[in-house]
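If you read the sequences in order, they're chains A and B. The first sequence: position 235 = 235 (the working numbering), numbered continuously. The second sequence: position 26 = 26 (the working numbering), numbered continuously.
Just so you know, these hints were derived from the structure itself, not from any lab. Quick caveat, the model's predicted, so the values are computed rather than measured. C-beta: ideal position from N, C-alpha, C; glycine also. One should not assume that every hint holds.
Said to hold, decoys possible - Covered stretches of chain B, going by a simulated chain A footprint (3 or more residues, C-beta under 8 Å):
| no. | region |
| --- | --- |
| 1 | 19 to 29 |
| 2 | 110 to 123 |
What the hints assert, rightly or not - One side of the interface only, derived from the structure: several residues of chain A facing chain B at Cβ under 10 Å:
| no. | residue |
| --- | --- |
| 3 | Leu50 |
| 4 | Leu58 |
| 5 | Leu178 |
| 6 | Pro183 |
| 7 | Val185 |
| 8 | Arg187 |
| 9 | Leu597 |
| 10 | Arg598 |
| 11 | Glu606 |
| 12 | Pro607 |
| 13 | Leu609 |
| 14 | Phe610 |
| 15 | His639 |
| 16 | Leu641 |
| 17 | Ser650 |
To be verified - The calculated DMTMM-like cross-link candidates involving lysine to aspartate or glutamate, where the alpha carbons are at most 20 Å apart (straight line), are:
| no. | chain 1 | residue 1 | chain 2 | residue 2 |
| --- | --- | --- | --- | --- |
| 18 | A | Lys38 | B | Glu120 |
| 19 | B | Lys38 | A | Glu606 |
| 20 | B | Lys27 | A | Asp604 |
| 21 | A | Lys38 | B | Asp101 |
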Amino acid sequence: MKLGSPMSQALVPTICPYCGAGCGFYIKVEEGRATGIKYMPDHPVSRGSLCSKGNAALEVLRHPGRLQHPLKKSGSGFIPISWEEALDLAAEGLGQALQDFGPQDLGFLGSSKCTNEENYLFQKLARSLGSPNVDNCARLCHASTVVGLGKSMGACATTNPVSDLANSRCIFIIGSNLAENHPAVARWVLEAKDAGSTIIVADPRRTPTSWLAEIFLQIKPGTDLALLNGMMHVIVEENLFNRKFLEERTRGFEALADSLKEYTPERAAAITGVPAGDIMRAARAYARSPASATVYSMGVTQHAGGTDNVQALANLFLICGHIGRPGTGIFPLRGQNNVQGACDMGTLTEFYPGYRRPEDPRTPEIFGQAWGGSRRLPGHCGLTALEMMDASREGRLRAMYIMGEDPVNSDPHASRTREALEALDFLVVQDIFLTDTARLADVVLPAAAWAEKEGTFTSTERRVQWICRAVSPPGEARPDLWIVTEIARRMDLGWEQRTAEEVLEEIKSLVPTYRALSREMLRREGFIWIHSTEGYYPTRRKGSPILHQAGFPTPDGKALLAPVHYRPPAEETSPERPLFLTTGRLGAHYNAGSMTLRSPSLLDIEPQLFVELNPSDALARGIGDGDGVVVHTARGDAHALARITERVASGVVFLPFHFPGVNALTLDVRDPQAKIPELKVAACDVRRA
Amino acid sequence: MSVFVDQERCIACHACEVACKRLHGGKSNVSLQIVDGKAALPLLCRQCEKPACVAACYAGALVKESDAVAFHAEKCTGCDLCLLACPFGVIWSEKLAYKCDLCSGEPVCVATCPTGALAEDYQAVTQVIRSRAARAFRRGFR
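Go ahead and model the full structure; you've got the sequences and the hints to work with.
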C-alpha cells in the first residue's frame, strides 16, 4: 500500500471465479467497495497475468441485477420475502416431499463454482436426509474422465502441475481449445514451444489453440477414438512403445495390440478425415519424444462414448510411458474453478467425500459416525444430474434443491430440462442472479459471490487455494455456507453455524488428500495434494507434485490397458440434416453465460450468438456473412448470425454454447458408463431466417 | 519506450483490450484483430521515432516526449487528422482522439497478457524471435 493512502484501502488476495486454471489476483477495496484489480506476479500458475474474463470479474460483483433479497413465486412473478420466511418455506417444501414420498424423491444439484466447504455441506445435507441423489455439473464435463481414468489407472486427477508443461518435449492437445478457455495454460504450452517442443492439436475446428500447433489434425466431430487408435497402431507397428514401462507398470498390452490391428492409418484417415501421413507424423512425434504431455477437455469427454475416448487416451500415454515424470502426464483441463474440488467433496452420486464408494459397507458407517445423524446414510448410487431430470418428468422425483447452477441453459436438449423442473412439486434455487433456472423456482435464495465469502477452491492441477472475503454481499445476499446450514437446521439435522475454516477442519478429518493442508499453506501459494501407493502427503513436506511416479493407485499398482473400439456418433447426418453441429466456448464468455453475458466489457467483444459455417456450405444455402440464420436439429431451432469462415471444415458448423437457446439443439444421448451426454455432436441444418 | 508484440504468442484472448478498457474509462487503446481466423494481432501505438501523427497535429496535442508519443487531450480539437496520418491505424476518435498512453510507464496490457505476447523489453522479444527463426531454419521450412 502506498504511503498516504487512506486506511480504508486494502488489497485482498483472491482466486479468479472463472475457469479451472486457478489464477490469483488482488481486489482493491476502498471504503468497502471493490474498486480495482491488482495483478499477482508471484502466482505460480498465472504469473501475474489475467485473461479477459479475469479482468472483467469485478463487473459481476457490482452488477445491478444481482439478487439482493429472498424471493417467493407469486403468480407469474416473484415477491421479495424475509430470510426467515424463505428458509422456512425451503425447509417445508423439501420436508414435505421427504415425508410424503421419502428421500429418494429429493434431488440435490451442487455447484462446481461454489467452494469445497459449501459443496461438502451440501452433499452432507442431501445424504443426511437419506437422499443419494446429489450431483453437480462435473457430470456434464468430466464424468467420463472420472470413470475412464479411474478404470485405467485408479485415479482421475491431473497428474502434473500446469507449469510443468514447459518441460515437455511434445504436447498433444485433443478436444481442448485451451488458448481461449484456459489462457493461463497456453502460457506454459508456448514456453515449451519456444524451447523447441512439438505441439500437436486435434480438433474439428481451427482455433487459437491450433495456431500453436506444428501438426494440426482437423478431425471430423466424434472421431477422436479412431484417431487415437490409429496413432497407437502406428506406435505398435513401428515398435515405438516403451517396453520397460509396459512390463513393469501395466497389464493387458497383448489384448490392446490385437485390438489395434484393424486401425491402420488409412482406415483412421477414412474415418477422421485427417491424412494418414499426418496421423503417422503425430504418432511418431508423440512416441519418440523423451517427455510428452497429453492435454484434453470436453472435445474428448462429451460424447456417448466419452469413457472409451478417455480410456483410449490413457492407453496412448501408457504404452509410451509418458506419465510419472516431469514434462509428461495427463491434463484433463477442468472448465470451472472448482470442478476438481466439488468432485473431491463427493458432490457426485457415486462418491462420498474422498471418492469413497457408497456400495462399500464401510462408507455409510464412517460418515454416519462422523456426522452423527439418526437417519441411515444411503449405501448406493442415486440419480445423476440428467437422470434427476428424467425422474422428475416421470414423477419419480418431487422436490429439488439447486445451488449455483443453471441447468435450463446448460443441459442438453434443454427444453426437456425446463419441463422437468416445471413438473416438480417444489424447487428451491440458490444463485447470484435470477437465472432461467431460478425463474422456475418456488423459492429463490440470494447467494454471495466468490469475493464476498471465504473458503477454498481446488484448481485443475489439484492446487487448493484460499479465497478471502473482500467485500460484503449486496443487499441481504448471504454466503452459501450459511444458507445450507440454515436449511439443515430447519430440517432437524442439529447443525451449528460454522465458519469455512471450521468446515475445512471436518473435511480434513474425512478426506485423506486434504488431511495435511493448513491455513498458512493455503494462504501462501496454495497446496497441491498428491497421492501415491504409500498414501497421501502434501507437496511441501516431501517430493514433487507429480503423481504416479512409482505406481498407480490400483490394487496391484499397475495400470490397465483396455481395448476400446470406435463407434460413429449417436446421431448420424441425413438428407434433412446434412451438417454436423459441434459446440464450444469463446475466450470472452463462460459456460451458460449467467455471469459473462452480464459483463459489459465482455459483451462488447462477443455480443450475440453466431454460427460458424464453411464457405462451401454457406454458398450452397445462399447464406452471406452476417445474415440471420436458423440452426435446426431434431430437437429445436436457434437463431444466430452467420459467420462464414474456414475455421470449420465443410459439413461442420460450430455454435458457442454461452448463449441461451444453443442447448435446446444438443443431443441427450448418454455414455452408458459415465452418464455424460453427447453435447459435442448433433446432426443439423442451417437456413436463412 | 514502446509495447512490442510477439505475434506468434498472441492467442486472441482479448485480455489486453479488457484490461485497457478497465483503466481508461471504458475505451480501449489497443485493438485485437483476428486475421481470417488464422492469427491474431493486437494493434496499438508504436511510439514512432518520427511520428506522422505529431507532424499532422496542428494543435500540439500530440508531441514527441523523450522516447514516446504523448497525447494531451486538453489541446485536442477533435479534427481527426492524426487518424488519417497514422500509418498503423492505432489512433481512434470519439469526439477527441485517443491512443495508447503507456499507462504512465507500466502498461497494463503487458502485465495482463497471459502468454507474454506483449512486452516492453525489446531485447527479450527479439531474442525469442531470433531463436525461433534459427530453429525453423535448422529444421528446414515446410
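Quiz item: Holds or violated: A:Leu641 as interface residue toward chain B, Cβ cutoff 10 Å?
Solution: Nearest chain B Cβ about 16 Å off; hint violated.
Quiz item: Would the stated hint for A:Leu609 survive a check requiring a Cβ distance to chain B of less than 10 Å?
Solution: Check failed: Cβ of A:Leu609 comes no nearer than 18 Å to chain B, outside 10 Å.
Quiz item: Taken at face value, is the distance from the CA of B:Asp101 to the CA of A:Lys38 at most 20 Å?
Solution: holds (19 Å)
Quiz item: Are there three or more residues in the region 19 to 29 of chain B whose C-beta lies within less than 8 Å of some C-beta in chain A?
Solution: holds (count 4)
Quiz item: Would the stated hint for A:Val185 survive a check requiring a Cβ distance to chain B of less than 10 Å?
Solution: holds (9 Å)
Quiz item: Given A:Leu178 was flagged as interface, is its beta-carbon under 10 Å from a beta-carbon of chain B?
Solution: holds (9 Å)
Quiz item: Does A:Pro183 pass the interface check with chain B, least Cβ-Cβ distance below 10 Å?
Solution: holds (4 Å)
Quiz item: If you take the shortest Cβ to Cβ gap from A:Leu50 to chain B, is it below 10 Å?
Solution: holds (5 Å)
Quiz item: For the region 110 to 123 of chain B, do at least 3 residues have a Cβ located nearer than 8 Å to some Cβ of chain A?
Solution: holds (count 6)
Practice problem: Compare the distance between the alpha carbons of B:Lys27 and A:Asp604 with 20 Å, and conclude whether the hinted pair is satisfied. | Solution: Distance of about 11 Å is within 20 Å: holds.
Exercise. Using Cβ atoms only, decide whether A:Ser650 comes closer than 10 Å to chain B, and label the hint accordingly.
Key: At about 15 Å, which exceeds the 10 Å cut-off, the nearest Cβ of chain B leaves the hint on A:Ser650 violated.
Quiz item: Would the stated hint for A:Glu606 survive a check requiring a Cβ distance to chain B of less than 10 Å?
Solution: Holds: closest Cβ of chain B sits about 9 Å from A:Glu606, inside 10 Å.
Checked against the numbered hints above, the structure violates hints 9, 10, 12, 13, 14, 15, 16 and 17; every other hint is satisfied.
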